[in-house]
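Chemist: Given only the sequences and the hints, what does the whole structure look like? Please build it.
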Amino acid sequence: MDESVERQVVDLKEEHGRRDKSGAVGPGLANNELAARELAAAAACMANTPGGGALIVGVSDDGDLIGTELDADWLRHRLWELSSRSLTVDIGVRTCRGTRLLVVLAPQALEPIRVDGRIRWRVGANCVDVDPHTWHAKRMAALHYDWSSDPSTVTADQVRPGAVQQARDMLLASTEPHAAELARQPDLDLLRRLNVVTPDGYLTNAGVIAFVGRGDPCLDYVKREHQGGDSLTRVRRRDRSLLEELGELLAALEANTPAVHVRRGLVIGQQREIPLRAAREAVVNGVAHREWASPEPTLVEQVGRSLRVTSPGGFVGGVTPDNIITHPSRSRNRALSELLAALRVAEREGVGVDRMIGEMIRRGHPRPQIEEISGPNVRASLIAEEVDEPCVAWLDEVEPIEQSDDVNTLLVLRQLVDRRWTDPLQSSRLIQDTVERASGVLARLSRASVGGRPLVQRLNGVPDSADPVWTLTSAARERLSDLDQELAYTRPIPRRETIARDYVRERGRISSTELGGLVDASPTNVGGTLRILEDEGLVEPAWPSRRGKGFHYVLSAPSRTASR
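Residue 16 in the UniProt record's numbering sits at position 16 of the sequence shown, and the numbers go up by one each step.
Be a bit skeptical, because a hint or two may be false.
[To be verified] Okay, the calculated beta carbon distance ranges per label pair:
| no. | residue 1 | residue 2 | range |
| --- | --- | --- | --- |
| 1 | Glu399 | Gln270 | 37 to 45 Å |
| 2 | His16 | Leu110 | 53 to 61 Å |
| 3 | Ala125 | His16 | 17 to 25 Å |
| 4 | Met140 | Gln270 | 40 to 48 Å |
| 5 | Asp418 | Thr155 | 42 to 50 Å |
Please keep in mind that the hints were generated in silico from the structure rather than gathered at the bench.
Each residue gets a CB set at the ideal place from its N, CA and C atoms; glycine is no exception.
Modeler: Here you go:
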């Protein structure tokens, strides 16, 4: 056990004050005030974190069991005192390899706990400062409280005419008959049907944000040619409504995103430098799901052929980068999200992220990166510096056509192009769904074709008892290679050793038949690659004689330990 086990809910702590200047550990104390003060800050940090957490006292960062002599009852009372009588913890005494440890359990706080005047919470394995507004916003999100649906003190007659006109324009732009009918309604009827007016004539908070504004800018858009370059376009307006700001920003984004020529065999088509549907979804998500208690605007940075949207507030409702595609959508501002969807600006819940990912991959770009960063903020990055034109043309040839538009099949196909193989487990991680759902995606791809020939196939040499491995067929790879040559595109080709290392680390075994299928080579011509892996200590022969049907290599014992 060492600092690598530290997570958002677990922290290793020594009994502070026991080491001298040389680093030697001295005797512990039952009533160690220095240790209590340090542990009070750490325990309060855990309690301020959603879900709370635990401190393991008596373990150094490098995993040494130092032990502790702290009296549990004294420490529990002292932590309560040092937290202004706000923090009540449960402390258990445990023995590990003959060493006395304390486990301090800090339950989630109902109100932010200050120690030395500071509110701190865990972000990953670190304690960072957080302001009261952000803390309470996170707390309300955990309780599924929707601030945007609450009534305000602003009456409906205070809406900005420009905001109402922008709402009408957004509805008409959708070309849907129902939306056009809604756009023709009188102002008050329009607002009522958009569900932003209470029965007594007051706007909801969502209505205020959308049709009146909040004084501070809701959005800040910057266009630069390159990172660190001068601002070519800036959209940052005070005292305007969100809808007016959003309309101006989307217009500027479209104007600053020119079309580029994309060759598809003998045909030359056009597409935007950054897919506008993906960019629009990123921007709208950045205002729909942000934390509106923060005065900071949602920042939209267009640098070269990339777009980055940073919105105040972290993920809510259990969403993480690892489940954002399939996790049930739960906006912290449900009423505002529903308003934007009703105006046809945003997708209905749970569709926007899929659209972003699908648009980027289908247009020959990497999938968007969506992450939580310090603040906390959520950042969505759309990197479109290069277009993989051959892959775009190759996807055009996939039949049935719906296979090249489905986000799950696009993700799997992109992995097969870049990594050369997948299996149900790897695909499930990629599409962020169950192994069964991933197996269904692979089954559909097994019935698809490219250029009239099968698209994917099972890899030979995989034991019947193991999950199947899927690769592109030789015909599919050859077609992509032909397109690379036609369009003068240099595709990065991983070395055989790289492919073999990746495969054996994930699968735990590899044979010459498997590796040959992965690299389009005869099994008799890949022995050198397998010997390189053996010389590295990564693999070892499954049996000493190295002979017989089914001979293969397995991940070596040290490698199995390291991969855990």
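Chemist: Does 37 to 45 Å hold as the CB distance between Glu399 and Gln270, or does it fail?
Modeler: The hinted range 37 to 45 Å is violated for Glu399 and Gln270, with Cβ atoms some 24 Å apart.
Chemist: For the range 40 to 48 Å, tell me whether the beta carbons of Met140 and Gln270 fit it or not.
Modeler: With a Cβ separation near 46 Å, Met140 and Gln270 satisfy 40 to 48 Å, so the hint holds.
Chemist: Holds or violated: 17 to 25 Å for the Cβ distance of Ala125 and His16?
Modeler: Given about 18 Å between the Cβ atoms, the range holds.
Chemist: For the range 53 to 61 Å, tell me whether the beta carbons of His16 and Leu110 fit it or not.
Modeler: 28 Å, violated
Chemist: Does the hinted range 42 to 50 Å hold for Asp418 and Thr155 at CB?
Modeler: At 56 Å between Cβs, range violated.
Checked against the numbered hints given earlier, this structure breaks hints 1, 2 and 5; the rest are met.
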